[in-house]
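Chain A is fixed; fit chain B onto it per the hints.
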Amino acid sequence: MTEGDATRPSDHMDAPAPAPQSKVQQPRLNLAGYARFFWRQLTSMRTALFLLLLLAVAAIPGSLVPQITSDPNGVIAYRTNYPDTAAVLDFFQVFNTYTSVWFSSIYLLLFISLIGCVLPRTKHHFDALRASPPKTPARLSRLQGFTTRTTEADVDTTIASARRLLRSQRYRTELYGDSVSAERGYLRETGNLVFHAALVGVLVTVGIGGGFGYTGQRVVVEGYAFSNSLASYDSFNPGRFFTDEALDPYTVALDSFEPVYEQNNRQAIGQAIDFTANVTTTVRGEEPQQSQIKVNEPLSLSGTNLYLLGNGYAPVLTVRDADEKVIWSQPTPCLPFDANLGSTCVIKIPDGLDQQIGMLGFLYPTTGTLSSGALASVYPDLISPVLTLEVYEGDLGLDNGQGSNAYALNTDSLEQVAGRTSEAETLRLTPGDRLELPNDLGSVELTSIPRFVSLDVHHDPSQLPVLLFSVLLFAGLITSLFVPRRRMWVSARTDASGTTTIEYAALARGDDPNLEAAVTDFAEKHSQQLGVRVDS
Amino acid sequence: MTETFVSYSLIAVYSAMAIYTLAFVMFAVDLARRSAESSDASAARATGLASASAQQASVMVNGSSVGGTDTLTTAGASESKIVAHSPKSLKLAMAMTVLAWVLHVGAVIFRGVAANRVPWANMFEFTLTATALIVGVFLIVQFWQDLRFLGSFITGFVLIALGVGTSSFYVDVVPLPPALQSAWLVIHVFVASLSTGFFALAASLSIVQLMQARREAGKALKLRFLDTLPAADRLETLAYRLTVVGFVMWTFTLIAGAVWAERAWGRYWGWDTKEVWTFIIWTLYAGYIHARATRGWRGSRSAWLAIVGFLAIVFNFTVVNLFFKGLHAYSGL
Chain A
1 MTEGDATRPS DHMDAPAPAP QSKVQQPRLN LAGYARFFWR QLTSMRTALF LLLLLAVAAI
61 PGSLVPQITS DPNGVIAYRT NYPDTAAVLD FFQVFNTYTS VWFSSIYLLL FISLIGCVLP
121 RTKHHFDALR ASPPKTPARL SRLQGFTTRT TEADVDTTIA SARRLLRSQR YRTELYGDSV
181 SAERGYLRET GNLVFHAALV GVLVTVGIGG GFGYTGQRVV VEGYAFSNSL ASYDSFNPGR
241 FFTDEALDPY TVALDSFEPV YEQNNRQAIG QAIDFTANVT TTVRGEEPQQ SQIKVNEPLS
301 LSGTNLYLLG NGYAPVLTVR DADEKVIWSQ PTPCLPFDAN LGSTCVIKIP DGLDQQIGML
361 GFLYPTTGTL SSGALASVYP DLISPVLTLE VYEGDLGLDN GQGSNAYALN TDSLEQVAGR
421 TSEAETLRLT PGDRLELPND LGSVELTSIP RFVSLDVHHD PSQLPVLLFS VLLFAGLITS
481 LFVPRRRMWV SARTDASGTT TIEYAALARG DDPNLEAAVT DFAEKHSQQL GVRVDS
Chain B
1 MTETFVSYSL IAVYSAMAIY TLAFVMFAVD LARRSAESSD ASAARATGLA SASAQQASVM
61 VNGSSVGGTD TLTTAGASES KIVAHSPKSL KLAMAMTVLA WVLHVGAVIF RGVAANRVPW
121 ANMFEFTLTA TALIVGVFLI VQFWQDLRFL GSFITGFVLI ALGVGTSSFY VDVVPLPPAL
181 QSAWLVIHVF VASLSTGFFA LAASLSIVQL MQARREAGKA LKLRFLDTLP AADRLETLAY
241 RLTVVGFVMW TFTLIAGAVW AERAWGRYWG WDTKEVWTFI IWTLYAGYIH ARATRGWRGS
301 RSAWLAIVGF LAIVFNFTVV NLFFKGLHAY SGL
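Sequence lines, in order, name chains A and B.
If you count the first sequence from 1, position 286 lands on 286 in full-length UniProt numbering, and the numbers rise without skipping.
If you count the second sequence from 1, position 116 lands on 116 in full-length UniProt numbering, and the numbers rise without skipping.
The following block holds chain A by itself, in its conformation from the complex (with noise of 0.2 Å):
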């Protein structure tokens, strides 16, 4: 044990400070010795601190730019916004951060230093486990805490009970002539060891566990239900490792959406307070039975996880055409603009009347006017309602075979009949009305309002054993930083007037707040010991 490694804390290694060399010396590399070298750069604390730090700065970025998996929205508006710069940003995969190749490089490269780190390490732990303690110094008044006691007692009793004592305060011990030399918190190295595996352990679960996971997103409308079928979700991510057969198809039907807004609270007034969910759902070959979802109570459903992440109106238009026939009777799932549940309603009716025809609805729940004479939501609850409609007709571009967005209305090749910009007004309708379309197209009724909600549906086997290694890492993590790794020796000697004197002292092995404590503590205790032993 040399100085210079008392004065650092013992739980690490480091390479060896650099050796001075001259140029001169070096020895030619051949390959192995180019890779040892490499190896040795990499695993080297400082390499690892420096991936640390890179690691954090590398974070950076994806938190100042919308990420495609938390905001597709904000990335979409992006591009439109700033095309030139999102092409460079898509050029270094920035919408993308945290499954980009410079991040995950950077990741993995902190992740292979630190296993090649805690492997020898562990060896090194493993032996010293075996190990006795070593050699006591040959000066103990060098060290720290170092403290004398004199006893009457002679040398063999004295580091025989020191001994004793020693072990009952769970040190490991080892005698060397007229001294006992001891340690102690080994668990302080174990601790370390155990975090550094887990969050690998936390790595390889959340990148192959995730691999065989999915998540589905569903809007379902009260008196409807979907059923776990990769057909009826409306998006849909599976795993790297997903196959069709995990989908176990059961189905859910929303009975009801209550939502339960603040009316008392002048600051909040319409401020959300609860939504629940009702839900009957069926699983194969069982009774169909009667849950809630809520926000932070999902529902465990065969190996999913179902959550209510939002929700909203979907008014039921009934449309007729001119001879009374109903061509088009569903609920349109409207998209909330504000907290009060004002919402942009998109319905396209691609057949069944003379031209196709498209409507633009903004839905009012509770309807008040603005100073401007606009309409606007004041309310979240169903008390009021209004739902505008602007209607248009010609192409939808639904025919080309490409995909189109189901909440968008794509008016390059329609032309408005009724609206803002047309001869007929906006037609205004409350629930039960029914109105005339132009142009002798038919007419539409707003039947009911209903609700919707989205869930999410998940299925991720990573999640259980991440949690547990999250409660390693959390363990191992408090024993390395608080469990003392310490060294202790005591010696005696026996002067010609046969009065023994007691040598205590010390070293901390990493940072140990109460060492010099610990050694008086032991000394006094030692001594009384010794004391009420030489009396009896």
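Keep in mind the hints are simulated off the structure, nothing from the lab.
Remember, it's a predicted structure, so these values are computed and weren't measured experimentally.
Please note: incorrect hints may appear among the correct ones.
Under the rule of at most 27 Å between Cα atoms (straight-line distance), these lysine-lysine pairs were calculated in the DSS-like manner [stated by the list, open to error]:
#1 LYS222/B / LYS91/B
#2 LYS135/A / LYS525/A
#3 LYS294/A / LYS274/B
#4 LYS123/A / LYS135/A
#5 LYS274/B / LYS222/B
#6 LYS294/A / LYS325/B
For chain B alone, kept in the frame of chain A given last:
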């Protein structure tokens, strides 16, 4: 009833701020006193009278190797000697801090009673509670170590935070949105705020450490009061011990946040802006802990890391909350 308690809370916090201001002034007076005393001491040494002057004590501390309680007692002794001379300004400053803190905690409790829930559900309330925790940690740590010399840093920081909080972040009491209705609100946010208390104290220690290191390196720093403070080594050890406590709590915050995110948002980790910054802060402090074990990084370099870490926390709390788009949109503004 709610309004009554809200106004009690505001009266309490404004009174607390007034008294914090007085405490801040007294802490500053104390630093001035330390400077004056240190000059006296050096003058005395010049005439060869003061063998146990602060300057020499701290040099001795430097010399006495590895750290640990040995160093601790030496430093403590040298300090208490000086304190014993004229502790009036310091005692007064501490008494005022305690009084202000009691009012501050009262403000937190009144706010909680008014809202009928934990008082940390929007930015104003975070500010109110987190600053109370910072001062709380500062006061409680005194039982372990005499860190009263950080008083001007802490009261100054808390005053600025409360000033901005009450003037720019204030919102009325509103009910909790469904996403926040969870036991995790109590645990996750509280532990996060508490860890800020430890990080704040550690960061101020690191600042003093940097100043002290400059002085010890012989760079001309006119701040004489540094003579009366522990040596840079000692400050580093103290900062480290506070930081690791904060780091453990921050790790817990991260894990608890992930568990809650799974319940509320359907995934335990999604690189939401706030998650990203919590991760960045965690990584910075992990770097700090490793830096202390890396050749060439102990001392001032790791101190800078601790300061950058704390700046990231302040950034996460202000800029990220207010200007970054994300799911943690609970500022109430």
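Which hint numbers does the structure go against, in order from smallest to largest? 5
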